[in-house]
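Chains A and B are the protein sequences, given in the same order.
Read in this note's numbering, the first sequence has 26 at position 26, and its numbers run on one by one without any break.
Read in this note's numbering, the second sequence has 152 at position 152, and its numbers run on one by one without any break.
To be clear, the hints were calculated from the coordinates, so they are not data collected in a lab.
Ideal placement from N, C-alpha and C gives every residue a C-beta, glycine not left out.
Among the hints, a few may not be true.
Subject to a maximum C-alpha distance of 30 angstroms in a straight line, what follows is the list of computed BS3-like cross-link-like pairs (lysine-lysine) [stated by the list, open to error]:
| id | chain 1 | residue 1 | chain 2 | residue 2 |
| --- | --- | --- | --- | --- |
| 1 | A | 15 | B | 284 |
| 2 | A | 169 | B | 225 |
| 3 | A | 143 | B | 720 |
| 4 | A | 52 | B | 543 |
| 5 | A | 143 | B | 723 |
| 6 | B | 555 | A | 52 |
| 7 | A | 4 | A | 143 |
| 8 | A | 52 | B | 720 |
| 9 | A | 52 | B | 63 |
| 10 | A | 143 | B | 543 |
| 11 | A | 143 | B | 306 |
| 12 | A | 52 | B | 225 |
| 13 | B | 707 | A | 143 |
Interface residues of chain A toward chain B, partial, derived using beta-carbon atoms under 10 angstroms [said to hold, decoys possible]:
| id | residue |
| --- | --- |
| 14 | 24 |
| 15 | 29 |
| 16 | 30 |
| 17 | 95 |
| 18 | 98 |
| 19 | 146 |
| 20 | 147 |
| 21 | 151 |
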Amino acid sequence: MAKKPRRFAIVIDSKKCINCKACNVACRAQNNVPLAHSRNWMNEETRGTFPKLLAAFEPEQCHHCEHPACVRVCPTGASYQRPDGIVAINDSDCVGCRYCVIACPYDARFFREDRGVVEKCDLCARRIDRGEVPACVETCPGKVRTFGDSNDANGQVAQLLATRQYRVKKAEAGTGPQLYYLL
Amino acid sequence: MNRRRFLTFAAGGAASATLASTVSCLQPFLKKPATVSTRQDIPTTCEMCVNKCSIIAVVENGKIQKLNPNPESPRSRGMVCARGNAGLQQVYDPSRLKKPLIRAGARGEGKWKTASWDEAWNFAGEKLTKVKEKYGPQASVWSSTESFAETFFKSLGLAFGSPNVERHPTLCLASVNLAYSLTFGTMPSFDLANARYVIMSGANRLESFIMPDTVDLIGSTTERKTRLVYLDPRFTVTASKADEWFPIKPGTDLAFVLAMLNVIIGENRHDKEFVAGYTAGFDKLAEHVKAFTPEWAETETEIHAKDITRIAREFADAAPRAVYYAGRRSSWYREDFQFRRAQAILNAVVGNWDRQGGMAPNAKIALGEFLFLPWDDPQAARVDDMDKNFPLAAKGDGAYLKMRENILAGIPYPVKAWMVHKQDPMNALPEQAKTIRMIEQMDFVGVIDVQMSDTAWYADVVFPESTYLERQDPVEMLPGIVPVVVYRQPAIPPLHDTKPTLEIVQGLAKRLGLSQYFDYTIDQWIDAQVKVLPLDTPLEYLKHHGVWAPPDGAKFGATLTQDHRFVTKSGKIELYSERLQEAGYDPMPVYHTPMQPPAGSFRLILGRRAYFTQANTTNNPWLNTFAPENVLWIHPASAAQVGIEDGQLVDVSSSVGALHLKARVTQEIRPDCVFTMHGYGKRSKWQRLVAGNGASDAEIIETAWDKVSGGGAFHETFVKVRKA
């Protein structure tokens with residue numbers, strides 16, 4: 001049987017997240033993200049009345065969708081999907097029209113004023129191409145994110161998806177998100 | 001000193017090369033061919049907090065691009081926290097210290113003239129010499145905090161003739177260290193990776209400080225089904241992840257521990273074999289804790305007696321894989337020592353000593369020592385008179401607050417010079433007005449730092465140290481369940497006219513006529529340290545790997561032999577301490593009900609977020625963005641009572657000062673407490689993000705200390721809150 005192409009995905013175990021922001025700063029350093037923006041972010045929620053309280057933290061970033069809406073709306077082809085599933089932006093082709101910012105169901109994209117282009121998480125493609133894992137994955141104290149090839153049946157990502165219950169965000173948007181949140 | 005050689009090896013060595021080949025299929029998708037030729041991966045050691053994690057600095061075209069975790073370190077568990085990642089900003093901070101500075105205006109006015117190193121050394125040398133001639137060498141205090149090169153700075157103070165080396169522990173963990181030392185003869189580590197039942201009092205390990213224990217606890221609580229019981233007046237991240245959170249009444253944790261002892265011993269659930277074999281004073285302890293019933297503790301702690309009883313039983317059942325975790329910053333209450341000692345005793349009676357999943361004495365790796373010319377020991381007594389005030393405490397560390405009281409009172413002698421190495425006493429000490437008074441009565445204040453701290457802002461001369469990514473430091477051994485040796489080498493040469501501590505000290509020593517004691521280079525020092533390691537070429541190894549750990553990993557039980565002698569008076573684990581009794585303290589922990597805030601007042605409690613644990617990273621732009629200013633947490637009922645609303649500016653006042661903060665009305669705190677974060681409201685204008693932004697808790701915390709260790713008691717302040 002022919003080997004399936006790689007399909008990168010991230011499985012997130014939010015239970016392990018302590019909202020320490022290491023992933024946010026690692027990403028900022030790795031990708032020179034300006035302070036006004038972030039390529040990854042935390043969803044935080046605290047509920048209840050003292051002393052019965054509940055807090056939940058959940059990291060999020062570009063979902064690197066199977067059918068990315070951002071790519072479909074891009075008039076110049078600057079937004080594209082690599083064969084390994086990474087949704088990336090070719091800076092030199094981006095005209096800054098921001099259709100993609102609106103199209104993204106996850107609000108994962110932002111317009112970078114200083115360069116006139118749109119930016120977002122590219123799963124640290126440069127690092128991946130060197131054989132490293134994304135900066136947010138590597139730096140995490142709790143190893144909340146598991147990164148890998150979901151087509152590799154023996155890989156950690158496929159194993160987790162096969163053995164654990166999970167959800168994806170906004171499945172109804174129909175974009176086939178590749179960030180999987182373990183339940 | 002010789003120019004340092006930089007270590008060059010492409011793309012992380014053999015391991016990465018192998019990985020890279022496995023993804024060669026990706027090469028066609030690259031826009032440009034990979035240019036890795038200028039990349040250097042330099043393994044070194046973080047200095048953004050005291051945990052000293054191993055990192056790899058990725059340097060491209062002479063600029064540090066990224067700090068990655070070094071997976072080789074068993075200590076740092078393959079992670080770099082937010083603060084570690086933000087280390088780049090310390091190096092490339094445009095407002096960091098770049099040249100020596102000499103004060104040109106009034107103290108604290110912020111007028112500086114840049115100076116050459118010779119000018120700065122000459123200036124400081126003359127001032128220090130004058131103080132020595134007029135008042136004697138003891139008229140100087142040498143303040144330092146934990147860092148690899150601290151030894152050189154401390155040595156300069158001692159060689160100068162001052163007994164007053166003042167370290168940080170009495171602002172931090174002095175009480176917990178002393179309590180465990182007097183019980184077990186040493187301060188152990190806690191094996192959170194293997195524990196199955198963990199109790200924490202306020203030691204907010206998942207939020208306040210990211211360290212190996214944090215990583216272990218995340219795994220334990222999520223994957224290994226460890227039960228976590230957490231006591232804290234505030235709903236922290238650790239509280240949110242705990243199986244049970246009890247918002248205990250502040251200052252009553254000792255009652256909780258005594259009641260646990262009451263249940264465990266009363267129900268015969270202690271480890272009888274261990275207690276008989278290794279401890280002293282059990283019968284006295286059993287008698288002592290009879291009075292401290294869970295029902296009694298309920299009235300003190302506001303935790304139900306049935307919960308205390310159940311937790312005590314569960315804890316004893318889970319032992320030896322059960323720990324009452326000690327935590328780090330233990331500067332809370334005047335009675336802090338006894339609370340920490342009760343924890344130590346509780347751990348002892350369930351027999352978790354030197355057992356997997358329990359506590360373990362720290363293993364060590366012997367490093368060699370460079371033989372330098374010894375100086376005569378300082379003649380005078382310490383200004384904080386440790387022998388009289390805190391006879392059992394660690395003398396070499398001093399007692400910070402007692403020192404300040406004595407200096408302000410001029411007893412037992414005048415102190416007129418203050419040298420500070422990478423500490424910020426202006427923010428670390430409570431009652432900032434007193435610290436300013438102490439500075440004002442000094443003839444000379446000199447500061448060594450990488451940034452213009454508030455203390456540097458009030459100094460006469462500021463020596464800029466090279467940042468940790470620009471310098472080589474002495475090798476350090478980090479004791480632990482698995483000890484490691486870590487090495488710090490420069491990732492880039494210094495960007496500015498800065499120097500490492502040894503060179504700053506040597507320049508000063510020359511002006512003070514003390515050069516003979518510092519007649520060596522950092523390379524000679526390091527060679528002497530590493531040559532005893534069981535490696536063929538130890539320094540080369542450390543330059544390539546940044547860290548070395550002995551291959552044998554964690555071992556438990558070496559002290560569990562009948563002939564093992566604990567470093568205590570009896571040679572056993574001391575449940576009853578004769579040394580405490582002889583020194584005039586309670587030989588077993590006695591509970592005193594803490595004072596409660598009067599109506600309309602609140603207890604100010606402190607706590608940390610790991611990106612700001614100490615006061616020195618609030619100005620880091622990558623971290624400041626998470627909390628640009630500090631706010632006052634207050635419970636809705638309390639806010640209503642004093643008539644304030646969320647977001648409103650409020651006046652927070654204690655007996656020693658007042659400040660303005662925005663209120664954060666939240667369910668996440670007890671109604672009798674208020675809380676704010678540390679490290680804001682800086683006076684130093686060079687800390688532009690936090691200068692005048694928020695307020696410094698140091699301005700309102702009252703001066704109080706633990707009776708036994710001399711450690712600060714920072715949770716003893718009651719404040720009034722009203723609309724500003």
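Now the hints, each set against the structure:
1. Taking the CA atoms of residue 15 of chain A and residue 284 of chain B, the gap is near 44 angstroms; set against the 30 angstroms cutoff, the hint is violated.
2. About 27 angstroms separates the Cα atoms of residue 169 of chain A and residue 225 of chain B, which keeps this hinted pair within 30 angstroms; it holds.
3. With a CA separation close to 43 angstroms, the supplied pair residue 143 of chain A and residue 720 of chain B exceeds the 30 angstroms bound.
4. With a CA separation close to 51 angstroms, the supplied pair residue 52 of chain A and residue 543 of chain B exceeds the 30 angstroms bound.
5. This hinted pair does not check out: residue 143 of chain A and residue 723 of chain B have alpha carbons roughly 44 angstroms apart, beyond 30 angstroms.
6. For the proposed pair residue 555 of chain B and residue 52 of chain A, the alpha carbon gap of about 41 angstroms is over 30 angstroms, so the pair is violated.
7. Using a Cα cut-off of 30 angstroms, the hinted pair residue 4 of chain A and residue 143 of chain A holds, with the two alpha carbons roughly 27 angstroms apart.
8. Between residue 52 of chain A and residue 720 of chain B the CA atoms are separated by roughly 27 angstroms; this keeps the pair inside 30 angstroms, and the hint holds.
9. A C-alpha spacing of about 49 angstroms is found between residue 52 of chain A and residue 63 of chain B, which places the hinted pair above 30 angstroms, so the restraint is violated.
10. Restraint check for residue 143 of chain A and residue 543 of chain B: the C-alpha separation of about 27 angstroms stays at or below 30 angstroms, so the hint holds.
11. A hinted pair counts as satisfied when its Cα atoms are at most 30 angstroms apart, and residue 143 of chain A with residue 306 of chain B does not qualify at roughly 37 angstroms.
12. At most 30 angstroms may separate the alpha-carbon atoms for a hinted pair to count; residue 52 of chain A and residue 225 of chain B meet this at roughly 22 angstroms.
13. The suggested pairing of residue 707 of chain B with residue 143 of chain A is violated, with an alpha-carbon distance near 42 angstroms, which exceeds 30 angstroms.
14. For residue 24 of chain A, the shortest C-beta to C-beta distance to chain B is roughly 7 angstroms, which falls under 10 angstroms, so the interface hint holds.
15. The interface hint given for residue 29 of chain A holds, since its Cβ lies 5 angstroms from the closest Cβ of chain B, which is under the 10 angstroms cut-off.
16. Interface restraint check for residue 30 of chain A: the shortest CB-CB distance to chain B comes to about 5 angstroms, inside 10 angstroms, so the restraint holds.
17. For the restraint placing residue 95 of chain A at the interface with chain B, the shortest Cβ-Cβ distance is roughly 18 angstroms, beyond the 10 angstroms limit, so the hint is violated.
18. Because the smallest distance between the Cβ of residue 98 of chain A and any Cβ of chain B comes to about 22 angstroms, over 10 angstroms, the interface hint for this residue is violated.
19. The restraint placing residue 146 of chain A at the interface with chain B is violated, with a minimum CB-CB distance near 13 angstroms, outside the 10 angstroms limit.
20. Because the smallest distance between the Cβ of residue 147 of chain A and any Cβ of chain B comes to about 13 angstroms, over 10 angstroms, the interface hint for this residue is violated.
21. Checking residue 151 of chain A against chain B by beta carbon gives a least distance of about 13 angstroms; that is not within 10 angstroms, so the hint is violated.
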